[in-house]
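*Asks:* I would like the entire structure built from these sequences, with the hints used as guidance.
Mapping the sequence shown onto the UniProt record's numbering, position 6 (from 1) lands on 6, and the numbers just tick up by one.
If you're looking for bench data, these hints aren't it; they were derived computationally from the structure.
Think of the CB as a built atom: it goes at the ideal place given N, C-alpha and C, for glycine as much as any other residue.
Warning: the hint list may mix true and false statements.
What the hints assert, rightly or not - Now the in silico label distances, taken between C-beta atoms and shown as ranges:
hint, residue 1, residue 2, range
1, Thr-35, Ile-55, 19 to 25 Å
2, Val-2, Thr-46, 31 to 37 Å
3, Asn-56, Val-25, 28 to 34 Å
4, Arg-54, Gly-21, 15 to 21 Å
5, Thr-46, Asn-10, 18 to 24 Å
6, Gly-3, Arg-58, 29 to 35 Å
7, Arg-14, Ile-36, 18 to 24 Å
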Amino acid sequence: MVGLSGTILNETRRTIHVQTGEGEVRLAKNVITFTIDSGDAIDGSTVTQRPEDRINRRYRRD
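*Replies:* Okay, here's the thing in structure tokens:
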């Protein structure tokens, strides 16, 4: 789904739920790369964990 744009509604360990102009879409994190408003690209496989467990984790910037 290249070019999909929307607002993240919910996040689980392995999926994100995105509200698009056409409705809600559920995407598997391990197969996507998404871009946030600042322009940074995030590989979904690096964030496949519970959001509350990710708070104290440190990530390397490429």
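*Asks:* Flag every earlier hint the structure violates by its number, smallest first.
*Replies:* 2 and 4
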